[in-house]
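Asker: Next come the chains, spelled out residue by residue.
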Amino acid sequence: GAVVSQHPSWVICKSGTSVKIECRSLDFQATTMFWYRQFPKQSLMLMATSNEGSKATYEQGVEKDKFLINHASLTLSTLTVTSAHPEDSSFYICSARGLAPGEQYFGPGTRLTVT
Amino acid sequence: DAKTTQPTSMDCAEGRAANLPCNHSTISGNEYVYWYRQIHSQGPQYIIHGLKNNETNEMASLIITEDRKSSTLILPHATLRDTAVYYCIVGKAAGNKLTFGGGTRVLVKP
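In order, the protein sequences belong to chains A and B. If you number the first sequence the way our numbering does, the last residue is 115 and the count never jumps. If you number the second sequence the way our numbering does, the last residue is 225 and the count never jumps.
Calculated directly from the structure, the hints in this document are not laboratory data. Virtual Cβ for every residue (Gly too), placed ideally from N, Cα, C. Incorrect hints may have been included.
Said to hold, decoys possible - So these bits of chain B aren't anywhere near chain A, every CB distance computed over 10 angstroms: (1) 126; (2) 140; (3) 178; (4) 197; (5) 224.
To be verified - The calculated label-pair distances, taken between Cβ atoms and stated as ranges, are: (6) B:181 - A:76: 40 to 48 angstroms; (7) A:41 - B:178: 23 to 31 angstroms; (8) B:180 - A:15: 47 to 55 angstroms.
To be verified - For lysine-lysine, the following DSSO-like pairs were computed, each having C-alpha atoms within a straight-line distance of at most 27 angstroms: (9) B:212 - A:66; (10) B:167 - B:212; (11) A:20 - A:41; (12) B:212 - A:20; (13) A:41 - A:14; (14) B:167 - B:207; (15) A:41 - B:224; (16) B:212 - A:55; (17) B:207 - B:118; (18) B:184 - B:118; (19) B:207 - B:184; (20) A:55 - A:20; (21) A:41 - A:66; (22) A:41 - B:212; (23) B:118 - A:41; (24) A:55 - B:207; (25) A:64 - B:207; (26) B:212 - A:64; (27) A:20 - A:64; (28) A:64 - A:14; (29) A:66 - A:20; (30) B:184 - B:212; (31) A:14 - A:66; (32) B:167 - B:118; (33) A:66 - A:55; (34) B:118 - B:212; (35) B:167 - B:184.
Isolated chain A (complex conformation) (with noise of 0.2 angstroms):
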């Protein structure tokens, strides 16, 4: 089946600084990807749909300043935090477009704690 990476699987960083974390599709070209946060104990959270050689559309509520999302080939999208802060801190995964229907592969998800 189509795997999806991401790197780094958790992160620690001090607040204020910038951290990117990358999504690849590993065997398949996804033009669409997908960007959630999870806090604990809560379900996913859609933040952004990120096409291929156009700009990210960010869901209701999320700063597209802050969460720059680049998906600058068909197998590698983006996601810098931009002046981090402890609220910040969560799972961050990424999923690429399926050939079905509403069909979605995920990332392993990566773990970000601001300090």
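Given chain A, work out where chain B should sit, using these hints.
Answerer: Then chain B, alone, in the frame of chain A:
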């Protein structure tokens, strides 16, 4: 997209079938029913999806009622590795956006 209602949690015995219900009474004609699961601290995993007909694959079976207002995911022989949060999601195919609700926390016990 239509909202879904699932029980918060359920236990099932290892080796027995696990039946996970989902209500989606406001589903519209062009919306699919999708099931994903998330094992602790991992990304979600696709299980199965359907529109009107019942579906079966190597992981599970999906039974959709005739009026499409509810569905049941069946894990035929639950194993300890099936312990996870199971999400029932309803959505249109176009755009493929998935809105995750609370899900059902399934604990498979030996």
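Asker: Could you run down the list of hints and mark each one as holding or not?
Answerer: Do the hints match the structure? See the list:
1. With a closest Cβ-Cβ approach of about 18 angstroms to chain A, residue 126 (chain B) is found to remain outside the 10 angstroms limit, as its non-interface label requires.
2. Distance check on residue 140 (chain B): its Cβ is at least 19 angstroms (rounded) from any Cβ of chain A, clearing the 10 angstroms threshold; non-interface status holds.
3. With a least CB separation of 18 angstroms from chain A, residue 178 (chain B) remains clear of the 10 angstroms interface cut-off, as annotated.
4. For residue 197 (chain B), the shortest C-beta to C-beta distance to chain A comes to about 17 angstroms, beyond the 10 angstroms cut-off, and the non-interface label holds.
5. With a least CB separation of 21 angstroms from chain A, residue 224 (chain B) remains clear of the 10 angstroms interface cut-off, as annotated.
6. Remark: the range hint 40 to 48 angstroms for residue 181 (chain B) to residue 76 (chain A) is upheld by a beta-carbon distance near 44 angstroms.
7. Taken as a hint, the range 23 to 31 angstroms holds for the pair residue 41 (chain A) and residue 178 (chain B), whose Cβ atoms sit roughly 29 angstroms apart.
8. Between residue 180 (chain B) and residue 15 (chain A) the beta carbons are some 51 angstroms apart, a value that agrees with the proposed interval 47 to 55 angstroms.
9. With a C-alpha separation of about 22 angstroms, the suggested pairing of residue 212 (chain B) with residue 66 (chain A) holds against the 27 angstroms cut-off.
10. Restraint check: the Cα-Cα separation between residue 167 (chain B) and residue 212 (chain B) comes to about 20 angstroms, which is no more than 27 angstroms; the hinted pair holds.
11. Of the pairs offered as hints, the one joining residue 20 (chain A) and residue 41 (chain A) holds, with about 24 angstroms between alpha carbons and a cut-off of 27 angstroms not exceeded.
12. With a C-alpha separation of about 23 angstroms, the suggested pairing of residue 212 (chain B) with residue 20 (chain A) holds against the 27 angstroms cut-off.
13. For the suggested pair residue 41 (chain A) and residue 14 (chain A), the alpha carbons sit about 24 angstroms apart, so the restraint of at most 27 angstroms is met.
14. At roughly 13 angstroms between alpha-carbon atoms, residue 167 (chain B) and residue 207 (chain B) fall within 27 angstroms of each other, so this suggested pair holds.
15. Taking the CA atoms of residue 41 (chain A) and residue 224 (chain B), the gap is about 21 angstroms. The hint holds against a cut of 27 angstroms.
16. Under the criterion of a C-alpha separation no larger than 27 angstroms, the hint pairing residue 212 (chain B) with residue 55 (chain A) is consistent with the structure, at around 16 angstroms.
17. For the hint pairing residue 207 (chain B) with residue 118 (chain B), the CA-to-CA distance comes to about 12 angstroms; that is within 27 angstroms, so the pair holds.
18. For the given pair, residue 184 (chain B) sits about 11 angstroms from residue 118 (chain B) by alpha-carbon distance, which is consistent with the 27 angstroms threshold.
19. Using a Cα cut-off of 27 angstroms, the hinted pair residue 207 (chain B) and residue 184 (chain B) holds, with the two alpha carbons roughly 15 angstroms apart.
20. For the hint linking residue 55 (chain A) to residue 20 (chain A), the alpha-carbon distance of about 17 angstroms falls within 27 angstroms, and the restraint holds.
21. Distance check on the hinted pair: residue 41 (chain A) and residue 66 (chain A) sit about 24 angstroms apart at the alpha-carbon level, within 27 angstroms; holds.
22. Distance restraint check for residue 41 (chain A) and residue 212 (chain B): the Cα-Cα separation of roughly 22 angstroms lies within the 27 angstroms cut-off, and the hinted pair is therefore satisfied.
23. With a C-alpha separation of about 20 angstroms, the suggested pairing of residue 118 (chain B) with residue 41 (chain A) holds against the 27 angstroms cut-off.
24. A threshold of 27 angstroms between alpha carbons decides the hint, and for residue 55 (chain A) with residue 207 (chain B) the separation of about 22 angstroms falls inside it, so the pair holds.
25. For the given pair, residue 64 (chain A) sits about 25 angstroms from residue 207 (chain B) by alpha-carbon distance, which is consistent with the 27 angstroms threshold.
26. Pair hint residue 212 (chain B) plus residue 64 (chain A) holds up; C-alpha atoms about 18 angstroms apart against a cutoff of 27 angstroms.
27. Pair hint residue 20 (chain A) plus residue 64 (chain A) holds up; C-alpha atoms about 14 angstroms apart against a cutoff of 27 angstroms.
28. A C-alpha spacing of about 21 angstroms is found between residue 64 (chain A) and residue 14 (chain A), which places the hinted pair at or below 27 angstroms, so the restraint holds.
29. At most 27 angstroms may separate the alpha-carbon atoms for a hinted pair to count; residue 66 (chain A) and residue 20 (chain A) meet this at roughly 12 angstroms.
30. Taking the CA atoms of residue 184 (chain B) and residue 212 (chain B), the gap is near 20 angstroms; set against the 27 angstroms cutoff, the hint holds.
31. A C-alpha spacing of about 16 angstroms is found between residue 14 (chain A) and residue 66 (chain A), which places the hinted pair at or below 27 angstroms, so the restraint holds.
32. Of the supplied pair hints, the one linking residue 167 (chain B) and residue 118 (chain B) holds, its CA atoms being roughly 17 angstroms apart against a limit of 27 angstroms.
33. For a cut-off of 27 angstroms, the pair hint linking residue 66 (chain A) to residue 55 (chain A) stands: about 14 angstroms separates their Cα positions.
34. Proximity of residue 118 (chain B) to residue 212 (chain B) is assessed by CA-CA distance (about 13 angstroms); at most 27 angstroms being required, the pair is judged to hold.
35. Distance hint between residue 167 (chain B) and residue 184 (chain B) is fulfilled; the C-alpha atoms sit about 10 angstroms from each other, no more than 27 angstroms.
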